[in-house]
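Take the sequences, apply the hints, and build the full model.
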Amino acid sequence: MMSAMILIILCYMLSSSCYISFFLLQKHFLHILAFGMLAAAFILHTALLSYQYMHFGQMPVHNLHQTLSFAAWAIAGVYLLMRFRLRLKILGAYTAPLVSLILIAAFFVPQSDPLPSTVLNSIWLVVHVLIIFVGEAALALAGGTGALYLMQEHAIKSKNPRFFLKRLPSLEFLDSTGYLFIIVGFTLLTVGLVTGFVYAEKVWGRIWSWDPKEIWSVITWLIYAALLHERLVAGWRGRRAAIMAIIGLAALIFTFIGVNFLLEGHHDEFTRW
Amino acid sequence: MNLPDGSRHFIKSQIVNIESLEIVLIGINHRSAPVELREKLNFSKTETEQALLIMQKEPSIHEVFMVSTCNRVEVLVSTDQPEAVKKLIAAYIAAWKNVPIERFMPAVYVYTGDKAVRHLFRVTASLDSMMLGEPQILGQVKEAYRQAVDTKTTGVILNRLLHKAFSVAKRVRSETGIGGHAVSISYAAIELAKKIFDSLENKSVLLVGAGEMAELAVEHLMRSRCTGRVLVANRTFSSGMKLADQFNGTPIRFEEIPETLEAIDILISSTGSPEYVVTRHHVKPVMRRRKNRPLFFIDIAVPRDIDPAINRIANAYVYDIDDLQGVISENIKSRQQESVLAERIVDEGVMRFRCWYKNLDVVPTIVALRNKLYNIAEAELYKTLHSMDISEAEQEALKKMTEAMVNKILHDPTMFLKNPGTHRNKSTYLDLARKLFRLDPENHH
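Top line first, the protein sequences correspond to chains A and B. Throughout the first sequence, residue numbering follows my numbering, covering 5 to 277 in sequence. Throughout the second sequence, residue numbering follows my numbering, covering 5 to 449 in sequence.
It is possible that part of the hints are untrue.
[What the hints assert, rightly or not] In silico lysine-lysine, BS3-like type, Cα no more than 27 Å apart, as pairs:
id, chain 1, residue 1, chain 2, residue 2
1, B, 198, A, 163
2, B, 295, A, 163
3, A, 170, B, 198
What the hints contain is simulated information worked out from the structure, not anything from laboratory work.
Have a look at this one:
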């Protein structure tokens, strides 16, 4: 399984280097190559996760290694899916390296054998995990789009169009794409949280247990809710929306990993070393 | 089996000193001649046609092509007397345009052979243009070529040469960034607008004041499918109205500018106003009401019309004339870098053309034709003799017969190609013969 993992990481890294060369050289064939490699890596990754699912008979999200791998898979998948609708090719130069990094991190995290647990067998949990991860992947892409926006905005404002101006799409497009990612991500996050509550009700008999992960999830949710609200009411576009998307992503990452190191709770075991 | 060696050289030794046509280019351009001279030498369409017809009547000129733009006049001929033709054409143009020959001659450049080919390719690919990479020249050369074809003054050589020039130009355009990124103020402004707004559809423009560059920018905007409203504000309402009519727009009063800021997306300003027409205080409150939709100010006026502090407001962007100039000089630099690649494509084109042109000569064509027939005869003879049991003497007789047949078949075409008649264009027949017997590898076409 390790060798499969190495192969997948190599594919993602190859795709990353193609995407970065595409960003620098702006040659069409590099993009085709990069996209192809990413798709190939994703297919292999899907196969690996399916194998793990079959092997353990449970979703492979038991420890930090598996959750990281699953998160990387979700991000790659959402990016590939979004490419069918949007012409934001350059976001791959953010996505592919991000996915590679997460997977490399996962590779070096020691794998512990999953404990046989009944907690993970409910359909609610499968739905909860899947939706949350896909939603978070969309929000991760929103953060990347926000970063691209800030770069392009800086290029235009500083009147120094030397490098970024030609390579990045228009501000309006980046802004609306980021917004789209946030709507999708926020919606899924909401559904994911609700399914989580329903599941908690079933397993522990109560919806809310002041688990740190629960608290931080809600904080993250509130940040995105505020962003969307402000956009609709006060027209928070452009720079501020981009910065908020990045802050939201930071909160998301903290909820995802940080909480488990600093605080304890019943989500703990999924991110255990 | 080998045919007697001597027979292979039989024809070669017979053909001596067949004069081939030389390609000659005579011209002036923006670098060789000042504008006072160039404007005198400009040929209109009808003048060009007359000139082509007159030049073609000259016995030493076989084919002729001419292109005249505001930056250049170029005459391209194929001739068997290059030296005489150079003087002839220069004198002819000077006389037609009433320019003293001693004033005209220093501005003229003359290229022959590969150098002429290269010059034409560089001109067509816009490498020789005043503004490197500008797209008009290709269209102008194409138009001139169409005229020469209609007037029937071009033949095999120049047709081939011009087509090659077009394909080189096309390659340069698609494979290098030489035509990429704006090098004029108004285009640069629109390119920037496209990096702020995703599409210019339904974007409204406010033109403040009048001025050639500002009006040009509005025209470019409308051509880039900027389909929103056009508003025009002028100090004198009546002249604003006239300008608004020109763009199918709405005139507004100068005092209305601050309140219009809410509805527009792009503001182009070029007034003679000594102080700012739009200040930060105008824009700041508007942005909230606009729900922060981006607002782009293009300030072409000197002294400036738009307060530069507006650029610090979120989602508002201000570019003044110096900023745009800065963008342009960046773009020119990158075009120059791309021209290195373009020159390489031109070199390749010149080499390919030379290869074709060299083969168009009589000797190589006849040799190629002979070789082809001999090779066929040789192969067939070998196959036949191989399966027959006959004596040495009989074999020899068959070889002799085959050889004689090939020679007899070749006799008339050879004589014809060497001398197709005094008033006929030799290169046409050479080209036809090469095509008929497929003497060139496929990729030459």
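Against the structure, the hints:
no.: 1; hint: B:198 to A:163; result: holds (15 Å)
no.: 2; hint: B:295 to A:163; result: holds (24 Å)
no.: 3; hint: A:170 to B:198; result: holds (11 Å)
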